[in-house]
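K.L.:
Given these sequences and hints, build the entire structure.
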Amino acid sequence: MKYFLFAIIFFGLPHAQWIPRKLGIQPDNIPLGTVNILLIIALFLWLTNRTKGVRLSNPFKSVLIFLLIVLLGVGVAYFLPFDDNFTITLTHAKGELSLLFLYFLPISIVKNKKEFTIFFIICLIVHVLIGLEVVRSGVLSGSSFHDGKRGSGPFGLGWGWQGADIAASYLAQMLMFFFVYCIAEKQKIWIRGITALGLVVLISGLFATYGRGAILSALLGATIVLICRRSRFKYLFLTLILLIFLSSFIPKSIVQRFSEIESASGELDESTLGRFSYYEDAFTIIKDHPFFGVGTGQVRAAMKKYYGHYVDPHNGFLYIACESGILGLIIFLWMLFELLSESLKMYHNETLGFMYRNYALSIFGVIIVLIFCNMFYSNFFKERVLGTLILHFGMLAFIKASIENNTAVGKS
Numbered sequence: 000m001k002y003f004l005f006a007i008i009f010f011g012l013p014h015a016q017w018i019p020r021k022l023g024i025q026p027d028n029i030p031l032g033t034v035n036i037l038l039i040i041a042l043f044l045w046l047t048n049r050t051k052g053v054r055l056s057n058p059f060k061s062v063l064i065f066l067l068i069v070l071l072g073v074g075v076a077y078f079l080p081f082d083d084n085f086t087i088t089l090t091h092a093k094g095e096l097s098l099l100f101l102y103f104l105p106i107s108i109v110k111n112k113k114e115f116t117i118f119f120i121i122c123l124i125v126h127v128l129i130g131l132e133v134v135r136s137g138v139l140s141g142s143s144f145h146d147g148k149r150g151s152g153p154f155g156l157g158w159g160w161q162g163a164d165i166a167a168s169y170l171a172q173m174l175m176f177f178f179v180y181c182i183a184e185k186q187k188i189w190i191r192g193i194t195a196l197g198l199v200v201l202i203s204g205l206f207a208t209y210g211r212g213a214i215l216s217a218l219l220g221a222t223i224v225l226i227c228r229r230s231r232f233k234y235l236f237l238t239l240i241l242l243i244f245l246s247s248f249i250p251k252s253i254v255q256r257f258s259e260i261e262s263a264s265g266e267l268d269e270s271t272l273g274r275f276s277y278y279e280d281a282f283t284i285i286k287d288h289p290f291f292g293v294g295t296g297q298v299r300a301a302m303k304k305y306y307g308h309y310v311d312p313h314n315g316f317l318y319i320a321c322e323s324g325i326l327g328l329i330i331f332l333w334m335l336f337e338l339l340s341e342s343l344k345m346y347h348n349e350t351l352g353f354m355y356r357n358y359a360l361s362i363f364g365v366i367i368v369l370i371f372c373n374m375f376y377s378n379f380f381k382e383r384v385l386g387t388l389i390l391h392f393g394m395l396a397f398i399k400a401s402i403e404n405n406t407a408v409g410k411s
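Counting along the sequence shown from 1, when you hit position 391 you're at 390 in numbering that gives the first Met the number 0, and nothing is skipped either side.
One should not assume that every hint holds.
To be verified - What follows is a list of derived Cβ distance ranges for each label pair:
| id | residue 1 | residue 2 | range |
| --- | --- | --- | --- |
| 1 | Leu-55 | Phe-275 | 37 to 47 Å |
| 2 | Arg-20 | Thr-90 | 13 to 23 Å |
| 3 | Tyr-278 | Ile-40 | 34 to 44 Å |
Claimed, not checked - Below 20 Å or equal to it, Euclidean Cα-Cα: the simulated DMTMM-like pairs (lysine to aspartate or glutamate) are:
| id | residue 1 | residue 2 |
| --- | --- | --- |
| 4 | Lys-112 | Glu-279 |
| 5 | Lys-303 | Glu-279 |
| 6 | Lys-112 | Glu-349 |
I should point out that these hints are in silico values taken from the structure, not numbers from a laboratory. Just so you know, these numbers come straight off a predicted model, no measurement behind them. C-beta atoms are modelled at their ideal positions from N, C-alpha and C, and glycine is treated no differently.
P.N.:
Here it is, written out as structure tokens:
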């Protein structure tokens, strides 16, 4: 039963807009909202399947810091409003607190490595399904690029053309799981084959989005993962050969998508110029509100004041600095560093089994891609994307708790 409920939650988060629309229902007409219904299911799963298994030894310091940042952001938004809609602030705060709950969900319901493996397989299946949806909704052939040809899968129904960028970031991050297990040493041939097929699906979906930043981020993430492996040079060399071979099969429309960053006259394209303008206004906001930012949920309203339109900075780190100030950005960077350090430490822990070590390396790659993707997008605050990612981080926390409780030793 708990596997079924977890599958509903993991599948439902990125499909929160897609499911009701496919059923002919407007998402706004659903009582409570799809995401809130999924959170209620998660709460039911937590209440009915709590185990007495592994627990983190001391999570309270991090939780307290997180809660203080959320409360501070709400307070700043209340006393420094950029518009009259405080509901947006409360909605954002609810989403951030929900992410904290989702982070601790896997630790509460997973008992052992066998259950961990089943939950992970569910995650991989959902990622492949989303990759197939993006491929189906996109067009890889064609002689020229335009927004109508970009694949967006389940994200396009809720975020319009921006859904393609969201889908690109999602696929770039999640394909790290398939990449790591595909190249893992001493891997069973059938597992290597299945993960290779999944990798092909997600790469095809990534190409279908035409997401330049996400494609580059995935390449950088894969390269850094290979460098961190013990046999890094062998796999790095083979990967470079494979990339050179596969480059001849990349559709011309995707090549054009990269080449049109600069026109024949040497001018940058409209998308790139727009990003520079957003960055400039974001830096102005940070300069005017350096310590605590503009408050939770007020970045788009603040950008309207400076830029004239409700937009985001198109950079996740600038978004956080605008919303939470330099203090919030420093804390967030510290959290990312802790995740990177902990995941790499787990990968190099020889006492851990094959599953746990490669999962930790996958998370390391995911975070690297996440960092690069957020140089071009602002996906840290998309709960339908970040919720899925937080569940993965929660599974990493389960591994850490297993180490602390001496239950993570093994070869499998």
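K.L.:
So if I understand the rule, the pair passes when the alpha-carbon distance is 20 Å or less; does Lys-303 with Glu-279 pass?
P.N.:
The hint holds at about 13 Å.
K.L.:
Compare the distance between the alpha carbons of Lys-112 and Glu-279 with 20 Å, and conclude whether the hinted pair is satisfied.
P.N.:
Violated, at about 48 Å.
K.L.:
For the pair supplied as a hint, Lys-112 and Glu-349, is the alpha-carbon distance within the 20 Å limit?
P.N.:
16 Å, holds
K.L.:
Does the Cβ-Cβ separation between Tyr-278 and Ile-40 fall within 34 to 44 Å?
P.N.:
39 Å, holds
K.L.:
Given a hint of 13 to 23 Å, does the C-beta separation of Arg-20 and Thr-90 actually sit inside it?
P.N.:
Given range 13 to 23 Å: holds, Cβ gap about 20 Å.
K.L.:
For the hint 37 to 47 Å, verify it against the beta carbon of Leu-55 and that of Phe-275.
P.N.:
Distance hint for Leu-55, Phe-275 holds at roughly 42 Å.
The earlier numbered hint that this structure contradicts is number 4, and it is the only one.
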